[in-house]
Amino acid sequence: MAESNPYLAPKTTVSDWNDPRSDLVAIREEHVRHEVLLKSIGSLYGLGAVACIFALVATLMTLSSVPEASDGTIFLVLSALIYGGIGLGSAFIAYGFRKLKPWVKIPGTILAGIGLLGIPVGTIVNVYILYLIWCQKGRRVLADDYQGIIAQTPQVKYKRSVGDWIALIIVVGLLLVLIGLIVIGMLSGR
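Under the working numbering, the first residue of the sequence shown is numbered 1, with each subsequent residue one higher.
Since the hints were made in silico from the structure, they are not lab data.
Hints are supplied without guarantee of correctness; some may be wrong.
As the list claims (entries may be wrong) - Within a straight-line C-alpha distance of at most 30 angstroms, the following computed DSSO-like cross-link-like pairs (lysine-lysine) qualify:
{"id": "1", "residue 1": "K101", "residue 2": "K39"}
{"id": "2", "residue 1": "K137", "residue 2": "K105"}
{"id": "3", "residue 1": "K39", "residue 2": "K105"}
{"id": "4", "residue 1": "K39", "residue 2": "K11"}
{"id": "5", "residue 1": "K11", "residue 2": "K159"}
{"id": "6", "residue 1": "K105", "residue 2": "K11"}
{"id": "7", "residue 1": "K105", "residue 2": "K159"}
{"id": "8", "residue 1": "K157", "residue 2": "K137"}
{"id": "9", "residue 1": "K99", "residue 2": "K11"}
{"id": "10", "residue 1": "K159", "residue 2": "K39"}
{"id": "11", "residue 1": "K101", "residue 2": "K11"}
{"id": "12", "residue 1": "K101", "residue 2": "K159"}
{"id": "13", "residue 1": "K101", "residue 2": "K137"}
{"id": "14", "residue 1": "K157", "residue 2": "K105"}
{"id": "15", "residue 1": "K137", "residue 2": "K11"}
{"id": "16", "residue 1": "K157", "residue 2": "K99"}
{"id": "17", "residue 1": "K159", "residue 2": "K137"}
Make a model of the complete structure from these sequences and hints.
Now the structure itself:
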């Protein structure tokens, strides 16, 4: 009978158990930056919705100061309806992009297609939006089953780089300057 050596390495084979969630984590880590980019489109459309709501309020205030019905009031009413419609549509699309809803591909494509007419900046921005929606990663992130992947991998988070933070500070700074200019313009108009 052979004696057992307690210092001898075990002779059994050890195999790692393949966790199916590790595949989901790999998918999510591969697409998490694209998720952030698509959500940023939602923020952009949300800002557009807020701007349209401000324009709607300004139009309604102007409309309330018009003493009687005229051609100008018809124009103001039409403007208010257009601002309200665009504002609601932009808010709806912003919600879809922020929540990465699969249905947002079609209205987002239509709105980006219309935005291509805004030469030159609108064209550049909306070509990029169309790319983000319809590239391979965009189609995957906006697929029907991707919400389940997000729900099963809440530990996967996007880590912002220094460049991301610098860009965020610049954008917030520009927005604050714009809001300041609007407030100054409104106060000086009194």
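So, going through the hints one by one against the coordinates:
| no. | hint | result |
| --- | --- | --- |
| 1 | K101 x K39 | holds (10 angstroms) |
| 2 | K137 x K105 | holds (13 angstroms) |
| 3 | K39 x K105 | holds (13 angstroms) |
| 4 | K39 x K11 | violated (52 angstroms) |
| 5 | K11 x K159 | violated (43 angstroms) |
| 6 | K105 x K11 | violated (56 angstroms) |
| 7 | K105 x K159 | holds (26 angstroms) |
| 8 | K157 x K137 | holds (17 angstroms) |
| 9 | K99 x K11 | violated (51 angstroms) |
| 10 | K159 x K39 | holds (15 angstroms) |
| 11 | K101 x K11 | violated (52 angstroms) |
| 12 | K101 x K159 | holds (22 angstroms) |
| 13 | K101 x K137 | holds (14 angstroms) |
| 14 | K157 x K105 | holds (23 angstroms) |
| 15 | K137 x K11 | violated (45 angstroms) |
| 16 | K157 x K99 | holds (15 angstroms) |
| 17 | K159 x K137 | holds (18 angstroms) |
Consistency with the previously given hints fails for numbers 4, 5, 6, 9, 11, 15, ordered from lowest to highest.
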